[in-house]
Amino acid sequence: MTAVCFYFQVHQPVRLKRFSLFADSIPDSLYERYFDDATNKAIFGKVTDKCYLPANSLLLKLIGENEGRFRISYSLTGSFLEQAKRFRPEVIDSFHALAETGCVEFLNETYYHSLSSLFEDKTEFVEQVRMHSQELHSLFKASGKVFRNTEALFSNDMARLAEDLGFDGIVGEGHESVLGWRSPDYLYGVKGCARIKALLRNYKLSDDVSYRFSARWWPEWPLTAEKYAKWLAGAPGQCINLFMDYETFGEHQWEETGIFSFLAALPREVLKYQHLGFMTPTEVVQDNPVMGEIDVPNPISWADMERDVSAWLGNSMQRECFHALQGLELKVRETRDPEILHVWRLLQNSDHLYYLCTKSWADGDVHKYFSPFQSPYEGFINYMNILQDFRKEVEEA
Amino acid sequence: MKVAMVGWEYPPFKTGGLAVHCYELTHALARRGVEVDFYMPRTESNVAPKGDGVKIIPVGYARYGAYVTKNAYGLDFFASVHAFNNACAEELAKRGRGNDYCVVHHHDWMTAFAAMKGKYSLGLPMVSTFHSTEYDRSGMFPNGYIRDIEQKAMVNADRVITVSNYMKGQLKEKFGVDEGKIRVIYNAVRTDEFKQSWDVKHGKEKIVLFLGRLAEQKAPAQFLYAAKRVLEKERHVRFVVAGTGDMMGYLISLSVSLGISPHVTFIGYLPDEQKESVYAKSDVYVMGSVSEPFGITALEAMASGTPVIVSKTSGASEVSPHRLVVDFWDVNGLAERIVALLRYKVLRDTLAHNEYEDAKGMTWDKVADQTIGVYNEIRK
Chain A
131 MTAVCFYFQV
141 HQPVRLKRFS
151 LFADSIPDSL
161 YERYFDDATN
171 KAIFGKVTDK
181 CYLPANSLLL
191 KLIGENEGRF
201 RISYSLTGSF
211 LEQAKRFRPE
221 VIDSFHALAE
231 TGCVEFLNET
241 YYHSLSSLFE
251 DKTEFVEQVR
261 MHSQELHSLF
271 KASGKVFRNT
281 EALFSNDMAR
291 LAEDLGFDGI
301 VGEGHESVLG
311 WRSPDYLYGV
321 KGCARIKALL
331 RNYKLSDDVS
341 YRFSARWWPE
351 WPLTAEKYAK
361 WLAGAPGQCI
371 NLFMDYETFG
381 EHQWEETGIF
391 SFLAALPREV
401 LKYQHLGFMT
411 PTEVVQDNPV
421 MGEIDVPNPI
431 SWADMERDVS
441 AWLGNSMQRE
451 CFHALQGLEL
461 KVRETRDPEI
471 LHVWRLLQNS
481 DHLYYLCTKS
491 WADGDVHKYF
501 SPFQSPYEGF
511 INYMNILQDF
521 RKEVEEA
Chain B
156 MKVAMVGWEY
166 PPFKTGGLAV
176 HCYELTHALA
186 RRGVEVDFYM
196 PRTESNVAPK
206 GDGVKIIPVG
216 YARYGAYVTK
226 NAYGLDFFAS
236 VHAFNNACAE
246 ELAKRGRGND
256 YCVVHHHDWM
266 TAFAAMKGKY
276 SLGLPMVSTF
286 HSTEYDRSGM
296 FPNGYIRDIE
306 QKAMVNADRV
316 ITVSNYMKGQ
326 LKEKFGVDEG
336 KIRVIYNAVR
346 TDEFKQSWDV
356 KHGKEKIVLF
366 LGRLAEQKAP
376 AQFLYAAKRV
386 LEKERHVRFV
396 VAGTGDMMGY
406 LISLSVSLGI
416 SPHVTFIGYL
426 PDEQKESVYA
436 KSDVYVMGSV
446 SEPFGITALE
456 AMASGTPVIV
466 SKTSGASEVS
476 PHRLVVDFWD
486 VNGLAERIVA
496 LLRYKVLRDT
506 LAHNEYEDAK
516 GMTWDKVADQ
526 TIGVYNEIRK
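So the protein sequences, as listed, match chains A and B.
If you count the first sequence from 1, you need to add 130 to reach the working numbering.
If you count the second sequence from 1, you need to add 155 to reach the working numbering.
Fair warning: there could be bad hints in the mix.
[Unchecked claim] With a Cα cut of at most 27 Å, we get these calculated DSS-like pairs of lysine-lysine:
hint, chain 1, residue 1, chain 2, residue 2
1, A, K180, A, K191
2, B, K430, B, K205
3, A, K461, B, K500
4, A, K461, B, K388
5, A, K215, A, K191
6, A, K522, B, K383
7, A, K489, B, K500
8, B, K436, B, K307
9, A, K498, B, K323
10, B, K467, A, K498
11, B, K157, B, K388
12, B, K388, A, K489
13, B, K249, B, K467
14, A, K191, A, K252
15, A, K489, B, K515
[Stated by the list, open to error] Rough simulated footprint, nothing fancy, chain A against chain B, three-plus residues with beta-carbon under 8 Å:
hint, segment
16, 204–212
17, 346–357
If you're looking for bench data, these hints aren't it; they were derived computationally from the structure.
Think of the CB as a built atom: it goes at the ideal place given N, C-alpha and C, for glycine as much as any other residue.
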């Protein structure tokens, strides 16, 4: 059987305020000083109504109708969960209902959607992964054995670290730079690791939904569930890993594009094929042996054309911010102040660095679409000014 | 292709940026095989193009600069503009019959009548380039006579070239020009004529530069108010004000009353040969103009690898994403960006190198290609 393995990334960054050097008064609370909860709340509310609630309720219905044969997985970041609890608690309830079906897996990742796996010292990374597992367990009794690093960051070292933390599987990008001629639709071992299995994203089939679904320039437009299921049935591997942002449903692809009708029809169309079945990542990993080994000495990710870390660390402004942030770790820990630690970790949201990307070709459009700033330079000034102010607070604490 | 172009000045005779523009444009056109007859007022300077392809045709006589302050627009001035246009139109009609011009192209209002007469006497398509309008030069109180000439030229021209989308908006809004006949062609700069900031020595004291006419339009007072705010945060900074104008006295006393005069240096009018090193030695260039059709100085700073902060109400803000932008009235916003540039070397360096690359792409050859494109749309 070929497993159709869906995983949806669910994340909302905690957006920054425009930090003014000349403000008349600044709040004492560092959270209020740096983070823009009015905007966070507004955006969270909008995405909840357009995507989270309608998509969750549709998937819940589909799971019910298919009596255990339709199975999916999510990765919910800590910064998403925190905002859900504060702004729209019914979102947590609806994920809880999904968890109860037993057909939904929750992947593990860094709580703060951070780049802490790239820190010299991995203490912070390990703590964030543990925090996230505990949170998933306490909210949903989740006990998945698959790890998904921020933005699908992946390397031999990261896989080994995940293995040491007890994970059986790790998610990565099925890119040619890693696979060469090989297909992403098999499980792979990772060089230097003993037993962890890599699930690699089939980016072509994933992007057909998340990116091209409503693209009229695409010869395959309009994409129907029937056609898509036929493509899946034509892929000969162990598992087809369809990983995408959850906001694809209703937010990146609006309801008017027909994305929900597509999703609603998909399980039925897929299950028409005897050799296809839905599985969650942990089930795939437990059911299948590896068919080869990949060697990824330098980190890859699922972002941009390069599929490397350049979306966050591609220019010197981004690297300077990253080093300044990383450099604060010891001082932050020495304060033993929970608010300071929390704020430092929120500043690790990879999105803050994503906005500073200056790559000017096609990918620039995506960065621009998500960025609240006029330009990467404005983003840099704001982030650095906040970091400088924060450093002062940490030193005085 | 042969073009009759009417201009007001040509190096070494120049009172503003128009002379340089006409010199570079006509030579770039000539390099593309376009012959240019350049009609202009006779001057005492020895005006001469380099090489073949461009021919200067001096007619009439005008002794005044077109872009000096409003006070200089005396009756004599308008009479001399009028005399030039009449003489030029006659010459154009005479030569036009023997030459196979495919278009008549003029720059700004002073040369508009000659071009309009040429259009009708020779039946030539007409191109008007507006580098600025009376609104940009005089703000709230435009000279009605000049404004009317501009309006007439825009109505009669088959194509109106202007220097930015910002200006295109102004032409639509203030003159009601049909959008379909406006073409935007940005100015160019020769990076080889400037020193680059990474090649000159910078002192301990950081330099923030203002360079322009000291007039309301250029917002020099906002520059000083921002300087005061910057000095609250950073101490080793010098604010250099280059240029002269009506507001000089006021600005000097403003710097005193703000208590920042030890940090402000007024250096007056800068000759070209000093300009290149002043840009390069500066750490930040500010062009916060209230209204700036283009703002060639921002492009010159980019060509020098000096990070620029420009106002949203300027054409230069469009030409590269590698700059910081502020509202001209936003003193705190300006100060904040100056502070950021002073504090964060990586920001200065990234902006400097990226904007320099963009400036290198803004060549006169590109301007010429775009101009030829406009000629081809309407040529006989």
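Hints, one by one, checked against the model:
1. For the hint linking K180 of chain A to K191 of chain A, the alpha-carbon distance of about 17 Å falls within 27 Å, and the restraint holds.
2. Between K430 of chain B and K205 of chain B the CA atoms are separated by roughly 24 Å; this keeps the pair inside 27 Å, and the hint holds.
3. Distance restraint check for K461 of chain A and K500 of chain B: the Cα-Cα separation of roughly 24 Å lies within the 27 Å cut-off, and the hinted pair is therefore satisfied.
4. Under the criterion of a C-alpha separation no larger than 27 Å, the hint pairing K461 of chain A with K388 of chain B is consistent with the structure, at around 25 Å.
5. At roughly 23 Å between alpha-carbon atoms, K215 of chain A and K191 of chain A fall within 27 Å of each other, so this suggested pair holds.
6. Restraint check: the Cα-Cα separation between K522 of chain A and K383 of chain B comes to about 23 Å, which is no more than 27 Å; the hinted pair holds.
7. For the hint linking K489 of chain A to K500 of chain B, the alpha-carbon distance of about 20 Å falls within 27 Å, and the restraint holds.
8. Among the hinted pairs, K436 of chain B with K307 of chain B is inconsistent with the structure: their alpha-carbon atoms are about 44 Å apart, more than 27 Å.
9. At most 27 Å may separate the alpha-carbon atoms for a hinted pair to count; K498 of chain A and K323 of chain B meet this at roughly 26 Å.
10. Between the alpha carbons of K467 of chain B and K498 of chain A the distance comes to roughly 19 Å, so the proposed pair stays at or under 27 Å and holds.
11. Pair hint K157 of chain B plus K388 of chain B does not hold up; C-alpha atoms about 58 Å apart against a cutoff of 27 Å.
12. Restraint check: the Cα-Cα separation between K388 of chain B and K489 of chain A comes to about 32 Å, which exceeds 27 Å; the hinted pair is violated.
13. Simply put, K249 of chain B and K467 of chain B have alpha-carbon atoms about 46 Å apart, too far for the 27 Å limit, and the pair is violated.
14. The straight-line distance between the Cα atoms of K191 of chain A and K252 of chain A is roughly 41 Å, outside the 27 Å bound, and the hint therefore fails.
15. Taken as a hint, the K489 of chain A and K515 of chain B pair is honoured in the structure, with Cα atoms around 19 Å apart against an allowance of 27 Å.
16. Three residues within the 8 Å Cβ limit are the bar, and the segment 204–212 of chain B against chain A gives 0, so the coverage statement is violated.
17. Coverage of the segment 346–357 of chain B by chain A is violated [criterion: at least 3 residues with CB-CB distance below 8 Å; count 0].
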